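J.: Protein chains in written order, with our numbering: chain A, 1 to 68; chain B, 1 to 462.
In case anyone wonders, no lab produced these hints; they're calculated from the structure. Every value quoted in this text rests on a predicted model; they were computed, and no experiment measured them. By construction, the Cβ of each residue, glycine as well, lies at the ideal position given by its N, Cα and C atoms. One thing to keep in mind: the hints can contain errors.
What the hints assert, rightly or not - As a list, the in silico DMTMM-like pairs of lysine to aspartate or glutamate whose alpha-carbon atoms are at most 25 Å apart:
| id | chain 1 | residue 1 | chain 2 | residue 2 |
| --- | --- | --- | --- | --- |
| 1 | A | Lys-17 | B | Glu-312 |
| 2 | B | Lys-18 | B | Glu-246 |
| 3 | B | Lys-387 | A | Asp-50 |
As the list claims (entries may be wrong) - Here chain B is said to cover these stretches of chain A; the calculated rule only asks that three of the stretch's residues, wherever they fall, bring their Cβ under 8 Å from a Cβ of chain B:
| id | segment |
| --- | --- |
| 4 | 14-22 |
| 5 | 26-38 |
| 6 | 43-54 |
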Amino acid sequence: MNHGVDDGHADLESVRKAFLRVGLDLAEEELMRLVPWLQAAQRNIDLIADLELLDVEPQVAFDARWHE
Amino acid sequence: VTSPARLSLKDAAGLLAKGDLSPLELARSVLERVDRINPRLQAYVSVFHDEALQAARQATDEIAARGPRSPLHGIPIAIKDIYDVEGKPTLAGSRVREGHVAEADSEVVRRLRQAGAILVGKTVTHEFATGVTSPPARNPWDLDRIPGGSSGGSGAALAADLCLGATGTDTAGSIRIPASVNGVAGLKPTFGRVSKRGVVPLAWSLDHAGPITKSVTDTALMLGALAGHDSGDASSLDSPVPVFSERISGSLAGLRVGVVSNWQRDRIDAGVGATMQAACRLFQELGASVRETEGPDLELASAIHFNILASEASTYHQPTLRNIPERYRGGTRLFLESGELIPATAYLNAQRGREIVRQGFREAFEDADVLLAPTLPTTAGVFGTNKVLVDGIEEEVTQAYIRLSAPANLAGLPALSVPSGFYGGLPVGIQIIGRPLDEATVLRAGAAYESSAHNDSRRPDL
């Protein structure tokens, strides 16, 4: 379970602490509204984690403004 | 007698060049409709009434003396309120931006002014372009329905003849979605084709700027003014820009159209499916070869897209989400907060995962010059709710609307939404996707389809 949220479960105290670690002190009502968003995000993270990406680098664009 | 405001950009430009219409007459006609209709439609957040008339007078004198300097000279254009216009607020649909005044024109606005366009005003955007409903703007085909988004005000303004061209931005479909639900044309160009300098970002690696117009021919004319390298935009492409309006006519004989069949196996309305079948038949009649192909997996593309979108958007909004969180609308704030907890590893895996989406498109283009798909799985949803019915099943509207459009953002491909008729009294659009930098072929296919589709000529009753 990441940040206290998984499919079907939500530990609001863990969620609150996760947000505190990134500098956001959220009220319980806001945390409850966030649970479905965090569950959806976790499903996306899990799906991407299963990809075979061993030889793939993230693309980094060269900024042509360097020469100006 | 047709009101000049109801003309297409191309037809108006022709009349202006011949001296049969003046920019001042055209601007007055547009502003009269804006004054009459916008209080109900709420497509514009602000109207530059005096400045537009002043610019139109100047354009009238210039064209009388020397002729038009471009097809956009004297043409009234609307600007999505996410582009900077010098001296005007860029509110981006949010109280977070209260008090903002732009110090300079965005590059797109600079190019429009250089082309001689008349700026009518700023159109409503969904808050920071994060959604598809664009309140308080309404859909001119049914004022109880949404105009799509995030460029909803631009789409509504065009369908209601409150401008002759408009700007939009597209991070997941925000040009094509309002084009589809308002029955107009909208192009997301290749990533980097049109400068984003002076545009409030949503997600740097997914954002595209582009035109929304009444027809595909108008899209080509407007793209010609907007496209080109901008050394002030890190993602701007330094590539030759064709004269798009000279490349859109001609036979489709030999054109290979790939119909993305796996995207249609996803849930779509029967009316959308029927539109696609009719479009395939028409492309065949026009001489194109039409065959089914497979596009990138939608569930995977959606997961990758969300991780990138939420991570980048939350990063941009990090300071204001901490200092003035109460100024965000509820849905926007939840979306941005959810992005705060996406790990860096998940963001980077999503960026790496884009290669799988690109590869999926590359394989589809091995046997196709353009890909064909519905723009949306359904038509305009009801105003005031964040749900929409797709094939009889209720879905969250943003998820439903971006499902078929977001993959092209991940790959940076040009993608055009073209009106393809009506069902249930509401417009439907089809989407034509092209190879990188091949807007010309996309526009040629779209223009041929549009001119042959025999779409009924009904207009919104306002």
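J.: Can you name, in rising order, the numbers of the hints this structure does not satisfy?
T.: 3
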